[in-house]
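Student: Once you've looked at the hints, dock chains B, C, D and E with the ligands against the given chain A.
Protein chains in written order, with my numbering: chain A, 1 to 310; chain B, 1 to 324; chain C, 1 to 333; chain D, 1 to 524; chain E, 1 to 335.
Source of the hints: derived by calculation from the structure; they are not laboratory data. Incorrect hints may appear among the rest.
Examples of chain A residues toward chain D, derived with CB under 7 Å [unchecked claim]:
#1 Thr-56
#2 Leu-65
#3 Glu-78
#4 Val-79
#5 Pro-251
#6 Leu-252
From a predicted model like this one, the values you see are computed outputs, not experimental measurements. Glycine residues also receive a C-beta, built at the ideal position from the N, C-alpha and C atoms.
Take a look at the letters that make up each chain.
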Amino acid sequence: MSESTVRYSPRGRAGAIKGFLRRFLGYGGAQVGLVCLMFFLIVAAVPGILVGPLQTAINATGDFLVPPSSQHLLGTDEVGRDVLNLVVHGARISLTIALLATVISLVLGTTIGMTAGYYGGRADVWLMRLTDFFFVMPSFVLALVITPVVLEVMGRGGEILGLRPSLFVIIVVIGMTSWAFVARIVRSQTLSLKERTFIDRARIAGSSNLSIMVRHLLPNLVPQIGANGALVVAGAIYVETSLSFLGLGDPLQPSWGTLLSLAQRAGAASAGAWWCLGAPGVCVLMVSLSFVLIGNALDDTFNPRRRVIP
Amino acid sequence: MSRRIFRIVFRALGTLLTVAILNFILFRIVPGDPAQLLLAGARTSVTVQQMDAQRARWGLDRPLFPDQVVDYLSATLHGDLGYSFKFRGRPVADLILERLPATIVLVGLAQMIAILCGVLFGIYAGWRRGGAVDRIATGASMALYTMPSFWLAMVLVVIFSTGLGWLPGYGIYSPGANIGSTDRFLDYLRHLVLPVTALALGLIGQYVVVARAAMSEVVTEDYMVTARAKGLTNGQMLMRHAFRNAMLPVVTLITLNLGYVVAGAITVEAVFAWPGIGGLTVEALNARDYPVLQGIFLLLGASIVLANLIADLAYGLLDPRVRQ
Amino acid sequence: MPDTADVLCLESLHVHFPIQGRLFDRLRGRPAGAVRAVDGIDLNIGRGEIVALVGESGSGKTTVGRVITKLAQPTGGRMLFDGRDMTSVQGSSALRPYRHRVQMIFQDAYQALNPRHTVFDIVAEPLRSLRLVEDGKQLAERVGEALASAGLNPPGDFFARFPHELSGGQRQRVVIAGALAVRPELIVADEPVSMLDVSIRAQILQVLVDLRAKHNMALLFITHDLPLAWLIADRIAVLYLGKLVEIGSADEVTFNPRHPYTVALRNATPQIGGNVGRAELPALQGEVPSAARVPKGCRFHPRCPVAFDRCREEEPPPVEVGSGHTAACWLAT
Amino acid sequence: STSCDDQIVRIGGIAAPDTLNPFASYSNWWPLVFTYDLLVCVDAQRYPDRKGFAKAWSVSGDGLTWTFKIWPGLKWSDGHPATARDAAFTYNYIRKSIGNPDELNAGWNSTDGLQYVEAITALDDETLQIVTKVPSRWPIDNGIMIVPEHVWEDISYADAKGTFRNDPPLVGTGPMIVSEFQQGQFARFTPNQYFRTGRPAAAGMVFHFFNTADPIAQGLKSGDLDYGVSLTASQWADLSKDSAMTCGQSRVEQRDYLAFNTASGDGAGSTKALQDPAFRDALGYAIDQKAIVERAYRGHADPGVGLVMPAAADYYSDLSDIRRHFDLAGAARRLDAAGYRDKDGDGIREDKEGNPFQLELITGTSSGALEIPIAVVQLIAGWFSQIGIPVSVTQLDSGALGARTEAPARGGGGWDLHVSAGWRGPDPRSLLSIGKTGEPNNTSYWSNDKFDRLLSQVDVTVDLKRSRELVDQASRLIYTEAPYIILSYPLVLEARRNDCFKGWGTKDMMSMWGYFPFDRLKPA
Amino acid sequence: MTGSSQDKAWLLEVNGLSVDYGLKGVSSRAIESVSFALRAGEAVGLVGESGSGKTTTAMAIAGLLSPNARVSSGDVRYRGNRLPIDDDAAMRPHRWSETSVVFQGAMNALNPVHRIIKQIAEPCMLKLGMSRGEATTRARELLELVGIPADRGTAYPHELSGGMRQRVMIAMALACRPSIVIGDEPTTALDVITQAQILKLLGELRSQLNLALILITHDLSIVAEACDRVMIMYAGRIVEDGTVAEIFARPKHPYTRLLIDSIPNPANGKKVIRPIPGDPPNLVIRPSGCAFHPRCPSVMGVCGTEVPSLYKLGQGRVACHMYESSQKDKVAAHA
Ligand SMILES: Nc1ncnc2c1ncn2[C@@H]1O[C@H](COP(=O)(O)OP(=O)(O)OP(=O)(O)O)[C@@H](O)[C@H]1O
Ligand SMILES: Nc1ncnc2c1ncn2[C@@H]1O[C@H](COP(=O)(O)OP(=O)(O)OP(=O)(O)O)[C@@H](O)[C@H]1O
Ligand SMILES: [Mg+2]
Ligand SMILES: [Mg+2]
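Same shape as in the complex, but just chain A (with noise of 0.2 Å):
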């Protein structure tokens, strides 16, 4: 009585990832974002070997602010260096401080917002009013805010990871003003999972509360984290471009923010070098676009409310 009509195919995690991924290609959202991430990517990997090392001051090769020729693809800034050369360069930094600084607000958004709505009562009350905190305070004034305590404690001079430390810096006061997003949105979805029967099932079986957060609910907000995981992504971007603009980059080591910050004081705008502002700014758009894209194809392929019935 227990035989099944019907053959399934034991399909295990390979099949799943697979059919996954199908899915997941299918959207020409996707293929356009991952396309657009991977040209990204190659570019950060292999900076110099595309346009030699960074051109600092010290060994810039053009005239000032000449505009976009073919010996300078995308003109030269206001210190003689070439744009194209920088873009290139600050692909690296700024590509890494987006993805280690959502890393970090994922981190801290998620276990706060799951702890907050598991828990529930006091611990929820507060936590939510320091999350409610930083998400009163603009993002970027925090990170002014945060920034010189940050660099206390991390010390300075030295590499980490061959990094400097003020990329450090950035990624982790980025990391931090923009986890209140997230531990907005898994809490409110932690709060729903957790009337679910199945983590009543799992308090039965005797599981932990420890154990019942990492093995049942976390899977479930695996899609919610990785879609807005992407806004998070441009919002790091944003941030960190915001922080540039304010001064707080780090001159050795352009990112697309710091020139964007670099030609606006340097008056680009007035002075009618759209090139400078241009170059890095349509980076920006780009690389946060595709993360969107990314984001929303994931957020369509795992939310079975936006699949089509089976």
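Tutor: Then chains B, C, D and E with the ligands, alone, in the frame of chain A:
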């Protein structure tokens, strides 16, 4: 009745107090001595005695705890926001009130435009999910959403101000002199165009995304099938059944964003030399002008608490199911 | 006094949920009351006994089950398990020995399985958490055994499947296997079949009855279907608005109901067979009152066809109307 | 309507005046400088035709008694006569506050310096006498703005120091009187009809305050502004191409410098080498001031030499005999000789403790100073790393920068190098205080008894020649000890439109210390 | 029981209706060759296990199929005229004034933000052209009719109990005096007492208004009580069709028989559990031949290969190879 209201107000005040205390602590963690910054612009050499005098002048020589905290809290409770360091004893309330109108006009107008366009596009895109309008509106608003707003602002300036010379790219009035009040108003409007556009374009995306998501959710609801079964036309379905339901999350977003109207838009204000709260925040931060910072964030906190309350009420009006 | 033969004993159990008022009500200062989901229940279950808990939707059946399985905390009364007071034991580690002995089958099999876990993980979870096995080999054995005893054969076929790859009946059986793997002394089965159509329903009942026979396991079977309760249970307890109105052996309650509500319940059940249709209804008046506004006096009186003045004023106590058959009605004596 | 129509001069600059009360504010040079006179205009030393409240002055042989002749018939802008009594009132008002709990020591018009003063008296309406306790140039170097007695006599010290806003219209003796003030936006001026050389020809003036130079350049281009200051090099270059525009650059008292953290003990940098003059000197050879001016300032700066900038013409010296010349190989050699070799051959030198160098350079522009181009830091870091001293850079906002460069006793220090800028007065005290022990702006924490002694001698020296000698000695001393390497003296870049006004004067147009040439502009 | 397709005696005729659901290229057939007919005032039960195509059939008749559904063959006729069930705009005049639906799950079928009186009045205004006042009066009458005090009309759906919501749906379905009401599991989630009340109400209305009723359920006892005729569906096909008395007394199809046997009945006093062995069919990978053959106790060789057609048998119809030989008078499923 009054006891309940009292309790709600009390709780709101409690939240504000928390914000106030956190602000107090936070801004003082930041390295930077206001006294030193106050003297930074001096063109004669500054002595240690002068620095100490400055500290004494602004009460910074006293212990942080309990003196300064207690003073600050009791003053705040009495509705006294204190006096600015940077602006040499100008009442914080004055400073904020002076900047507030510019910010409210700028951000408020931008929000209104963004809400109007964003919600319309979003609702329509969600209603016809996958259609041409959806693809274009969603794609464009995503692009705008991810664009750093100050960059957008600078691009607008390069094109329309320095490039084409059509519109002024900075300030709220043309520099200079007395002109008739109608001209002055027109001048003001001309100055508003670019900053409002820059801000609104960045905000539209958010509304499109939320409204579209809400709408495409509503479209799949069972009561829409009921409406169809009742023989309603598409227009009737959209207007009578879908719109109000789809507005629920949008209204929350709107009210919460309206809470931020008083915060100004720091980067856009900076690009357009717009004398608003955003600029004041940056100036105060650069000078470690604690009272002003505290004042601004208290205002922000208050308006967000208020916005939350309005959101609750609005939500309750729109959605009878909502329980708080 | 708790009978040592009883595995579970509920004494005057209360569960009240606070109501959160609406914003406007809060502004106006209207008091927010409480939902009296369970309002004083005495019930005991013997070893190897099947007790059915019957009642309409919202009468508090699930809540009772959740209290027994320590998913909800009673606001009053005691719960004794095997003679030991379990009322205030809390925390996942303190409850571990109890989890070993009491398990639950959830109402909705679609909700009760984590969509991201395989069948093996799901059934193995209690074995791992409760540390009932030594090694992987033993774990696989126990999981296989549980799946087989829930009728999923051959068990190996199901190990790697995700819930969405199972049919509804198979899912329900995975839930059952998870509870059985622990070999508990008591299972709370919360409407295990109500959402299923008759054919799948029968399969599951069969499994449960077989298990009782094999392991002398006690069962609290929650349902709103009187014939079903009669079919499977030794005793039937009838719940109305958080209170037990009648309790007795399955046949007694089904064929000789003494409480007007049980009578109504029986009469409302459609009959198939010789004479098709339901018995003529004594018109039960009014809506089901909500547990948030429990009527004064006998809580059934607003809908009771035979109510009289006393019913509106005083709440009737349970009275013995036969051997092991009690009913809470002024007319029962 | 444009300036040509209404003849109102529109100017724009980067400034954020805080209040119109000169007793409360430190940084609001603009716009008050158009309204109030100093006793002696600072620029009077460079431009004899530019004078302040006093027409002439003399000092007694012992250097203690100064006599000032006030312009005869001078009037306040409200028509009241402006006399030596007003000047005496201003000084004594401040001086009498000494010891008061509300001592006027927190603003531009401050008690600082008045401790040297014995008495200030108006001998008659046109004669002011200042008697000092020790010989001092304070009476002509001070920057106190002379305010009218009839406005200020009833203001308490508490108010003057605190909440008194001195709301417009102001009453002053300058050419343009502030008639409207919008914080963070603009100040509007009306011409002073009683100005001592006659009512200025312009119908008025509007000064717009901005945070960045972009709007200024835009305003100049579009004709909204007649004059703009604090432009960036690229804007300046762009505007220079415009025939309607005249672009100029002015020397000012700013110097951009590299400071070494010479502290030992608390607040010391990452290596002891920083405390070694030989190390600092060697690094001095690795800095090419000319290249900095070329690449970073695009020529809009004077290459840095010593503490004294060319704008302080009285004291400037090019120190040609002891000057370091850019020579990377020479710098490397000097480092080797001083014992900072690259022992393990990894391209990075080790200090005497054997630790490889890794210096942290902090930078940021403090408020009130012209911005330091970031290329300066890139160049320095580049040169240093070429001689085996790697440098990492941290940019800070002015608040954090101030906190980190505070005295170690106040929690500052811990950094290695510091690229910063200061814009101080041209008087010896302001010029030299950067090297004085314990001074707040001595951010290298350098301490030298001989230097301190020279400085206190300058304080009591009246004679300009003697004063010059002392300043020169002090600058040479600090140059060789090299706690600071002066990088450049940036120029203020400005531009004006030619269409509506004439009378702008030479290419370095605006006096950063006075109202010139705005008192003499005429509609074109 | 079938007549000429132009026969005006039939209120509703469904002829060989098949519906496919498309899922990214793959399509699955939810119902296959469903044919039946309905007279005015008649109540027909549609019974079958979960996923057998009951809702799909109902939605097809009402022209409310979801966008990914396609009618691949067959048609639906109303009073002899073909219904444009796949043309939304053309269906509009027919909707609600002729056919109305009580949806599965009344909570979701009511708009949560409008008062129920407004929702009931809405079709009156839009379809019958009543003024707001008239429509409200009518809505109040309807509410009273289904046993809800009219002044409860200002309530929002969430303020009502499940049973009340079901009744609001019924009131709404009756608003335009339709000739057919399709009730899709109107009582599944309700307890027996509420269930009984609703069924009683439907029965009364049927006789008062000469309403035809299609009642969808997986609970046979409900059909037994409320319907004249019952159709049993299995895997998208009608496998048996007959009067209620006939089917319960003498079920012909093995599935029907097993279905009736598995209902516990205290009345005959025997506590025996009789499940139908096997699992419900997968519609994507449909078993060959008769879809029920893997579970059928009386399976024959032909069952695995040939799909049985729906034969007329006595008063009703049945689709089973067992009756093929005994029955000459065979009616093709495709009329
Ligand atoms: N967490 C809760 N908070 C507030 N009220 C609750 C909660 N859980 C249950 N209730 C209320 O308690 C009462 C009893 O609910 P319970 O789930 O026990 O009913 P039930 O008999 O299992 O009904 P059903 O047959 O529908 O499952 C209901 O009125 C319900 O609304
Ligand atoms: N929109 C859809 N897209 C794809 N498949 C669907 C869709 N709607 C229903 N189905 C499938 O069609 C088949 C018939 O569904 P239907 O809803 O008609 O069943 P039902 O008999 O009403 O079942 P229940 O008793 O569970 O309501 C099922 O296998 C179902 O999964
Ligand atoms: Mg329940
Ligand atoms: Mg259905």
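Student: Broken hints, numbered, in rising order?
Tutor: As far as the earlier hints go, not one is violated by this structure.
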